[in-house]
Every structure is written in C-alpha cells, then in structure tokens.
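K.L.:
From first to last, the protein sequence lines stand for chains F and L. Take the first sequence: its letters are residues 1 to 115, numbered as in this note's numbering. Take the second sequence: its letters are residues 116 to 230, numbered as in this note's numbering.
None of these hints come from the bench; they were simulated from the model. Heads up, the beta-carbon is just placed ideally off N, CA and C, and yes, glycines get one too. Please note that a few of the clues may not be correct.
Restraint-style ranges between C-beta atoms, simulated for each label pair [to be verified]:
1. F:A14 to L:S137: 39 to 47 Å
2. F:T95 to L:D153: 22 to 30 Å
3. F:G62 to L:K185: 36 to 44 Å
4. F:A14 to L:D145: 42 to 50 Å
5. F:P79 to L:N133: 46 to 54 Å
6. F:N30 to L:Q156: 24 to 32 Å
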Amino acid sequence: AQSVAQPEDQVNVAEGNPLTVKCTYSVSGNPYLFWYVQYPNRGLQFLLKYITGDNLVKGSYGFEAEFNKSQTSFHLKKPSALVSDSALYFCAVRTLGSGANNLFFGTGTRLTVIP
Amino acid sequence: DGGITQSPKYLFRKEGQNVTLSCEQNLNHDAMYWYRQDPGQGLRLIYYSQIVNDFQKGDIAEGYSVSREKKESFPLTVTSAQKNPTAFYLCASSLAGQTYTGELFFGEGSRLTVL
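Throw the hints in and build the complete structure from the sequences for me.
P.N.:
Right, dumping it as structure tokens:
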C-alpha cells in the first residue's frame with residue numbers, strides 16, 4: 001500500500017524567510033513524487049515532480065524539493081517566501097509502473113506567509 | 116489556450132435530486148479523472164477513464180456515475196444515493212498508460228452544496 005503524510009496542517013512563515021513544507025511517503029517500489037498548489041476555490045496547479053535522477057528538483061515560482069530516499073521524504077522548499085505563496089500545498093505519490101489513476105494525495109498543508 | 120473547463124462552479128441541490136457536473140478538456144488527453152475534496156482530507160478518486168467508452172471505479176465510487184462518450188468530455192452525476200455529497204469536485208486529465216510519468220492537469224473545480 002502507498003501513503004503520503006504531510007505532518008503539518010499549517011505552516012506560517014514571515015515574508016522573505018525560507019519556507020519548508022514537509023512530506024514523507026511510503027510505497028512498495030520506486031516512487032514518483034509530485035507537489036501541487038491550490039489557491040482558494042481553484043483547481044490544483046502542478047509545481048514540480050521527482051521521477052529519477054538528481055535528488056534536487058526545481059519547479060515553478062522558485063520552488064524546489066529534495067528527494068531523500070533514506071528518509072522517504074520529499075520536502076518542498078523556497079529560499080525566500082512571498083505573500084503570494086500563501087495557499088494549500090499537496091504532496092502526492094505513485095509508484096513506478098503504476099497508472100496515473102494510482103496517484104495518492106496527502107491531506108495538504110496550508111502555508112501562510114506573513115507580511 | 117488548452118485546458119479543462121468545469122461547470123457549474125457553484126451548484127446547490129436539494130436532497131433526493133441528481134445533479135450532473137460537466138468536465139470538458141481540449142488537451143487531447145486520453146485519460147480523465149474525477150476527484151472529491153473535503154476539508155482536511157486529500158483528494159479521493161471517484162472515477163477515471165483511460166479511453167473513450169470505458170471507465171473504472173476509484174476509491175469512493177458509490178453514489179456517483181460517469182460516462183465517456185467523447186474523448187473531450189467526462190461528466191459526473193452525483194446521485195441521490197450519495198449520502199454526503201456536499202464537497203468540492205475536481206476533474207483532471209492526463210496522457211494515458213502505465214509509462215506516463217507526468218502530472219495531472221486540473222480544472223477549476225465545482226462546489227456542490229446540498230441544502
């Protein structure tokens with residue numbers, strides 16, 4: 001079985017400070033990992049993904065994430081937070097060789113950037 | 116511009132009524148999905164379709180029905196059998212196949228409220 005944990009329901013950070021949104025996963029096999037962002041009453045927007053290769057992946061809007069196989073983590077980071085980054089962030093995982101219908105989402109972390 | 120269009124954005128329903136949510140995509144994607152989003156929970160898969168005239172149940176299909184008569188369209192009907200239909204519904208699409216490693220593309224969502 002596969003699962004995703006986002007241990008923090010809420011993360012607050014001051015504008016200009018670095019931000020981290022945590023994600024850990026559990027899969028049987030090699031993982032495909034994704035981060036999505038959702039603004040109020042909107043659909044999800046893709047930020048970045050890890051499939052294979054370099055453990056540090058860069059995505060949209062200055063976000064990046066580091067894949068750590070030993071810790072089964074895929075934390076989302078940004079060096080300097082903007083007020084406009086305030087949103088709901090979802091981590092998702094599926095396994096290598098499974099269809100996209102097998103994508104499993106975490107419960108989401110609400111990021112608030114304080115001016 | 117290519118994308119996914121969901122309608123209506125907001126819908127109110129009386130108990131005992133069926134309602135149909137529309138989802139249209141012009142991305143030429145073979146696969147389409149319906150997710151349900153509730154506060155504090157991750158997205159849960161209702162139904163998915165990998166090809167026209169074929170669809171499969173997801174994790175929470177009870178009380179829902181779908182059709183896939185055209186590649187571009189994947190409407191979702193919330194029937195009176197769905198015990199707790201008030202939720203935010205998201206439609207998504209992607210290329211199909213087990214080897215697909217990309218992301219899902221989401222619509223803007225439909226918020227259904229049962230009065």
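K.L.:
Compare the structure with each hint and give your call.
P.N.:
Checked hints:
1. F:A14 to L:S137: 39 to 47 Å: 42 Å Cβ-Cβ, so the 39 to 47 Å window holds.
2. F:T95 to L:D153: 22 to 30 Å: About 25 Å separates the Cβ atoms of F:T95 and L:D153, which means 22 to 30 Å holds.
3. F:G62 to L:K185: 36 to 44 Å: Holds, at about 39 Å.
4. F:A14 to L:D145: 42 to 50 Å: 45 Å, holds
5. F:P79 to L:N133: 46 to 54 Å: For F:P79 and L:N133 the Cβ distance comes to about 50 Å; the hint holds.
6. F:N30 to L:Q156: 24 to 32 Å: 26 Å, holds
When each numbered hint is compared with the structure, no violation occurs for any of them.
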